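Engineer: Here is how the chains run, residue by residue.
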Amino acid sequence: MNIRRIAAIARKESLQVIRDPRSLMIALLLPLMQMFMLGYGVNLDVQHIPLCAFDQEGSQQSQDLLKHFSASRYFEAPKMTANMGDAAHRIDDSVCRLAIVIPSGFSRSLADQGAATVQILVDGTDSNTANIAANYARVVVGEFSRDVQLKAIQRQGGQTQTLTPVDVQARVWFNEDLESRYFIIPGVVALVMAIVGAQLTSLTIAREWERGTMELLVSTPVKPMELMLGKLLPYFVLGMVDAVICLALAVGWFEVPFRGTLLTLFFTTSLFLIVVLCIGYYVSVSIRSQVGASQIALILTMLPTTLLSGFSFPIDQMPMLVRGVTYLVSARYYVTILKAVFLKGATISELAVPMACLAVYAIVLVVLAGRAFRKTLD
Amino acid sequence: MDRPEPSIVVDKLCKRFGSFTALDGVSFDVGRGEIMGFLGPNGAGKSTLIRVLCGLLRPTSGRAVVAGIDITIDPEAVRRRIGYMSQKFSLYNDLTVVENLRFFGGIYGVSSDMIEERIRFALDMAGLQHRETALVSTLAGGWKQRLALGCAILHKPAILFLDEPTSGVDPSSRRRFWDLIHNLSADGVSVLVSTHYMDEAEYCMRIAMIESGRLIALGTPHNLKQQSIGGELIELECENIGDSIDLIARIPGVRDVAVFGNTLHILVENAEQTAKVVCAGLAEHGLSGVHARQIAPTMEDMFVHLVRTSRKPSSGAAP
Numbered sequence: 001m002n003i004r005r006i007a008a009i010a011r012k013e014s015l016q017v018i019r020d021p022r023s024l025m026i027a028l029l030l031p032l033m034q035m036f037m038l039g040y041g042v043n044l045d046v047q048h049i050p051l052c053a054f055d056q057e058g059s060q061q062s063q064d065l066l067k068h069f070s071a072s073r074y075f076e077a078p079k080m081t082a083n084m085g086d087a088a089h090r091i092d093d094s095v096c097r098l099a100i101v102i103p104s105g106f107s108r109s110l111a112d113q114g115a116a117t118v119q120i121l122v123d124g125t126d127s128n129t130a131n132i133a134a135n136y137a138r139v140v141v142g143e144f145s146r147d148v149q150l151k152a153i154q155r156q157g158g159q160t161q162t163l164t165p166v167d168v169q170a171r172v173w174f175n176e177d178l179e180s181r182y183f184i185i186p187g188v189v190a191l192v193m194a195i196v197g198a199q200l201t202s203l204t205i206a207r208e209w210e211r212g213t214m215e216l217l218v219s220t221p222v223k224p225m226e227l228m229l230g231k232l233l234p235y236f237v238l239g240m241v242d243a244v245i246c247l248a249l250a251v252g253w254f255e256v257p258f259r260g261t262l263l264t265l266f267f268t269t270s271l272f273l274i275v276v277l278c279i280g281y282y283v284s285v286s287i288r289s290q291v292g293a294s295q296i297a298l299i300l301t302m303l304p305t306t307l308l309s310g311f312s313f314p315i316d317q318m319p320m321l322v323r324g325v326t327y328l329v330s331a332r333y334y335v336t337i338l339k340a341v342f343l344k345g346a347t348i349s350e351l352a353v354p355m356a357c358l359a360v361y362a363i364v365l366v367v368l369a370g371r372a373f374r375k376t377l378d
Numbered sequence: 379m380d381r382p383e384p385s386i387v388v389d390k391l392c393k394r395f396g397s398f399t400a401l402d403g404v405s406f407d408v409g410r411g412e413i414m415g416f417l418g419p420n421g422a423g424k425s426t427l428i429r430v431l432c433g434l435l436r437p438t439s440g441r442a443v444v445a446g447i448d449i450t451i452d453p454e455a456v457r458r459r460i461g462y463m464s465q466k467f468s469l470y471n472d473l474t475v476v477e478n479l480r481f482f483g484g485i486y487g488v489s490s491d492m493i494e495e496r497i498r499f500a501l502d503m504a505g506l507q508h509r510e511t512a513l514v515s516t517l518a519g520g521w522k523q524r525l526a527l528g529c530a531i532l533h534k535p536a537i538l539f540l541d542e543p544t545s546g547v548d549p550s551s552r553r554r555f556w557d558l559i560h561n562l563s564a565d566g567v568s569v570l571v572s573t574h575y576m577d578e579a580e581y582c583m584r585i586a587m588i589e590s591g592r593l594i595a596l597g598t599p600h601n602l603k604q605q606s607i608g609g610e611l612i613e614l615e616c617e618n619i620g621d622s623i624d625l626i627a628r629i630p631g632v633r634d635v636a637v638f639g640n641t642l643h644i645l646v647e648n649a650e651q652t653a654k655v656v657c658a659g660l661a662e663h664g665l666s667g668v669h670a671r672q673i674a675p676t677m678e679d680m681f682v683h684l685v686r687t688s689r690k691p692s693s694g695a696a697p
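Taken in order, these protein sequences are the chains called A and B. For the first sequence, my numbering begins at 1 and goes up steadily by one. For the second sequence, my numbering begins at 379 and goes up steadily by one.
These are computed hints drawn from the structure, not numbers from a lab. Small disclaimer: the values here were computed from a predicted structure and weren't measured. Every residue, glycine too, gets a C-beta built ideally from N, C-alpha and C. Some hints here could point you the wrong way.
[What the hints assert, rightly or not] For lysine-lysine, the following BS3-like pairs were computed, each having C-alpha atoms within a straight-line distance of at most 25 angstroms:
1. Lys603/B to Lys375/A
2. Lys466/B to Lys223/A
3. Lys375/A to Lys654/B
4. Lys534/B to Lys375/A
5. Lys375/A to Lys223/A
6. Lys223/A to Lys534/B
[What the hints assert, rightly or not] Derived coverage of chain B by chain A (criterion: at least 3 residues anywhere in the stretch with Cβ under 8 angstroms from a Cβ of chain A; other residues may be distant):
7. 385-392
8. 396-405
Use the sequences and the hints to build the structure in full.
Structural biologist: Pasting the structure below:
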C-alpha cells in the first residue's frame with residue numbers, strides 16, 4: 001500500500017468531481033430534494049378524514065353527535081347527505097372514507113332506553129387507514145356517549161364526578177406526541193444516505209472505462225486496493241457533507257428531536273457510508289457503463305432500504321423468511337441506530353450490536369470491492 | 379546490432395480471444411536503447427502484442443521477459459519499469475496539463491523531491507511550458523500526444539511502449555514526436571512503437587512486420603528493403619490506371635500489380651523484358667502516355683509483398 005498513490009488518485013478524483021456538474025448535482029442537490037420529497041411524502045398519520053353523514057332524524061342530539069366529529073382533528077366536518085344511496089356513492093367515489101348513519105329513532109331510543117345505535121360505513125380499500133378511521137370514529141362516539149351520560153346524571157341531581165374503576169395512565173416514551181414524522185425522518189435520512197452514497201461511487205470506475213482512461217490506469221503500478229481507497233476518499237468526505245445536510249434538515253426543518261451525541265452519529269454514519277460507497281464501487285467495477293451502474297446501484301440501495309430496513313414496514317411483523325433476509329440489509333442496522341440516536345439518545349455502548357453488524361458489513365464489503373477490480377483488459 | 383543485455387525477450391508468445399488467435403507464436407528480442415517498430419495492417423495484432431507486453435492482457439502461452447522480469451510472474455514490477463501510450467488518447471481531458479502530469483507522477487511513485495523536476499522536464503520535452511494550466515480537452519492532437527509521452531516518461535522507465543502514437547497527428551508534429559523518441563533512445567530507453575505509416579518505419583532501428591498475429595519479417599529497414607520481394611519491380615505511368623491494371627495482370631511474366639498513387643508497381647521476373655511487353659500490350663489497346671522504368675523496391679512494396687505471400691495458404695512465411 002502506497003500512500004502517495006492513494007493521495008494522487010484522491011486528488012485527481014476530487015478535481016474531476018469539482019469540475020463535473022453532474023457529480024456535484026447528485027452529491028448535493030439529490031439529498032436535499034429527497035429529504036423534502038420523502039419527508040413530506042411519507043406520512044403515516046391519519047388526520048382530516050373526509051366523512052359524510054346521513055342523519056335520518058335531524059334532531060338536536062343527532063346534530064350534537066355530528067358536531068363532535070367536526071370538533072375532532074381526525075375528521076373533517078361531515079357532509080350531509082339526503083339518503084343512503086348518496087352516502088354509498090360518496091364512499092364509492094372515494095370522496096369520503098367514512099359514512100355515519102343516524103337512525104330516525106335515535107334520540108328517543110337514548111331517552112327511553114338510555115342506549116342507541118349509529119351505523120358507521122368504512123371504505124376498506126386501504127385497510128390500514130380504514131382501521132384507524134373506524135377506531136377514531138369509535139372514540140368520538142364514545143366521547144359523545146360520556147357527555148350524554150354525564151348530562152343524565154346531572155339531571156338526576158347526582159354527582160358530576162363519574163368513577164372509572166380502573167384508569168389507564170399511558171405515557172408514551174421517546175415520541176411523546178406519537179408523531180409518525182419522528183420515526184420516519186431518521187429512516188428517510190438512512191434512505192437518502194444509501195441512495196446518494198452508492199450513486200456517488202457507481203460512476204467512478206465506469207467513467208474511466210467509458211472515457212478510455214482505464215487502459216492507461218491499468219498499465220500503471222497502482223494496486224486495486226489503492227485505487228479503491230483513493231477513489232472512495234473524496235466521496236466519503238462528500239457523503240459526510242450530505243449527512244450534515246440531512247441531519248440539519250431533520251432537526252432544523254422537520255423538528256425531529258435529536259437526543260444522542262454527534263460523536264455517535266458521526267461514527268455510525270461513517271460505517272454506513274463505507275458500506276454504501278463500497279456497494280456503488282463494486283457495481284461500477286462490474287458494470288463498466290455509467291448509466292447501467294447508476295441504475296443498478298439505485299435498485300440495490302433503494303429497494304432493500306425502503307422495503308426491508310424497517311423504515312416503512314415494521315420488521316417484527318414480517319414473515320420469518322423475510323425477517324431473516326432483513327439481516328442482510330445494511331440499512332436495517334443504520335435505521336435502527338438512527339432512530340435510537342435521534343429519539344432515545346442511545347450511546348455507542350447501547351448500540352454495540354447493530355454497530356458491530358454494520359462494522360462487519362463494512363469490512364467484508366471493503367475487501368470484496370477492493371478485490372473486485374482486476375488489472376487487466378481481458 | 380550490439381545487444382549485450384536485451385531489454386525484452388519474447389518467446390513463442392500466443393494470445394487467443396476465444397477461437398480468434400490474435401498472436402501466434404511471436405518471438406523476438408529488443409536491446410537497450412533500441413527503437414523497434416511494429417508494422418502491420420489494422421487488426422494484425424500490433425496492439426495486442428504491446429498490451430500483452432505491458433501486462434494489460436495475459437498471454438495464452440509462451441513467455442515474455444520485460445526488463446528482466448517475466449510478465450506473468452510479476453506484472454506489477456514490470457509496470458513500474460515501463461511507460462505506455464495507448465492507441466486511443468487516455469489522459470484526463472477534464473484535468474489540466476500539470477494536473478495530469480502530477481497524477482501520473484504520483485501513480486508511478488515518483489518521490490516528492492523529484493516530482494517538480496520531472497514535471498519540468500516533461501513540460502520542456504513536450505514543448506508545453508506555457509500551457510501548464512490549460513485543460514487537456516482544449517489541446518490540439520500533437521500537443522496531446524506529446525503530453526501523453528511526457529506522462530509516460532515521468533518515472534524514467536527503461537522501456538517505452540507506444541501504440542500508434544502519431545495517428546491523427548499532422549506531419550510536422552509527427553516529425554517532432556520522432557525526434558523526442560530518438561532522444562529517449564539515445565538516453566538508453568528501449569522504445570517499442572507500432573505504426574502503419576511506412577515513412578515512420580524508416581525512423582526505427584529495426585522493424586517487425588506483423589500480419590494475422592504472426593511475425594512475417596524482422597530486420598533493419600535497410601535489410602528488409604534488400605530482401606528479395608520475389609522478382610523485379612517496374613514503375614509504370616499511364617493515363618488510365620483502372621483499365622490498364624486488368625490488362626497487365628493477364629500478361630505472362632507479371633506476378634503482381636498494385637496501385638501506388640498515380641502509378642502502378644508491377645512485380646515481374648525480368649523487368650527489362652516484361653516492360654517492353656507491357657508497353658506494347660497497352661498500346662495495342664489504345665492506351666497512350668505509357669512510361670515504364672525499373673525501380674528499387676520501397677518499404678511499402680516490401681510490406682505489400684510480405685502480406686500477400688503470407689496470406690497465400692500454400693506459401694511459407696518469410697523468415
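Engineer: It remains to establish, for every hint, whether it holds in the given structure.
Structural biologist: Verification of the supplied hints:
Taking the CA atoms of Lys603/B and Lys375/A, the gap is near 40 angstroms; set against the 25 angstroms cutoff, the hint is violated. Among the hinted pairs, Lys466/B with Lys223/A is consistent with the structure: their alpha-carbon atoms are about 23 angstroms apart, no more than 25 angstroms. The straight-line distance between the Cα atoms of Lys375/A and Lys654/B is roughly 62 angstroms, outside the 25 angstroms bound, and the hint therefore fails. Note on Lys534/B and Lys375/A: the hinted pairing holds, with a Cα-Cα distance of about 22 angstroms set against a maximum of 25 angstroms.
Between Lys375/A and Lys223/A, the direct Cα distance comes to roughly 8 angstroms. Compliance with the 25 angstroms bound is thereby established for this hinted pair. In summary, the hint linking Lys223/A to Lys534/B is supported, as the alpha carbons are separated by about 20 angstroms, within the 25 angstroms threshold. Under a criterion of three residues with beta carbons nearer than 8 angstroms to beta carbons of chain A, the stated coverage of the region 385-392 of chain B fails, only 0 such residues being counted. Requiring three or more residues with a Cβ within less than 8 angstroms of a Cβ of chain A, the coverage given for the region 396-405 of chain B is violated, as only 0 such residues are present.
When held up to the earlier numbered hints, the structure conflicts with 1, 3, 7, 8 and fits the remainder.
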